[in-house]
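J.: What follows is each chain in one-letter form.
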Amino acid sequence: GENVEQHPSTLSVQEGDSAVIKCTYSDSASNYFPWYKQELGKGPQLIIDIRSNVGEKKDQRIAVTLNKTAKHFSLHITETQPEDSAVYFCAARGAAGGFKTIFGAGTRLFVKA
Amino acid sequence: DTEVTQTPKHLVMGMTNKKSLKCEQHMGHRAMYWYKQKAKKPPELMFVYSYEKLSINESVPSRFSPECPNSSLLNLHLHALQPEDSALYLCASSQESGYEQYFGPGTRLTVT
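Note that the protein sequences, when read in sequence, are chains Z and S. Read left to right, the first sequence gives residues 207 to 319 (the working numbering). Read left to right, the second sequence gives residues 15 to 126 (the working numbering).
Example chain Z residues on the side facing chain S (calculated, C-beta under 7 Å, incomplete):
#	residue
1	238
2	248
3	249
4	250
5	295
6	299
7	306
8	307
9	309
10	311
11	312
Rather than coming from a laboratory, the hints here were simulated on the basis of the structure. We treat Cβ as the ideally placed atom computed from N, Cα and C, and that holds for glycine.
Next up, chain Z with everything else stripped away, as it sits in the complex (with noise of 0.2 Å):
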C-alpha cells in the first residue's frame, strides 16, 4: 500500500520567512496530494490540494509542488505569519485498496515574531 515520509518532524522560521515541507510517496498510482493545516484542538484543515495532472499549484501565500518522476511533493509557505503556526500534515490518495487517504507523519511550524 501507499507510505508518505515527511520532513522535517518541527520547523521553526523568523516571521516573515519562507517554510517549506517536502514529502515522498511510494505508490506511483496515488493521483491527489492535500496538504492539511491541524491547530490545536482542532480538526485538520486542507490549505491546498493538487491532482497529479499538475506540477504546480499556488493560493496567495502558500504553493505546492509536484514531481510524479521522483514522487515527491512540497507545501511551500511564503512571508509567514505567527498564525501560520501549526501541525502541517501531507496526503496522498493511493489507488491501492480502495482509494485511501494516507497522511505523513507531520510537520510542527513554529513561526516566531
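Put chain S on the given structure of chain Z with help from the hints.
T.: Same frame as chain Z, now just chain S:
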C-alpha cells in the same frame, strides 16, 4: 458552507459502557469517513462510507461499529472499549471518495 459537525465534543466512558459518536454534514457530500488520531500522530483511517455503503474497513476491532443512516449522518457506536482506544475521533466528508476531505472538530474520547 464547508462545515462538518461532531457531537459530543468530549466523552469519558468506562470499559463496559455503550456510547455513540455522531457526525453531520449538509454539503451534499457522498463520502464520509471516520479517523482516529492519537496525540502527536497523523489521523488514521478507520472506515469509509460511499453513497451510504461501507466501502473501506481498515480492520478495525468490532467494538467500533459504524453506521450511516442517511447521506448526511454518520455514527460510530462504541462498546467495551479499552483504555488504548482513548484518542481524538475525527469525522470527514467529501464529494468524491478520497478527494477534498473536510474534517469536523473531533470528539475527544477518554476510556477509563
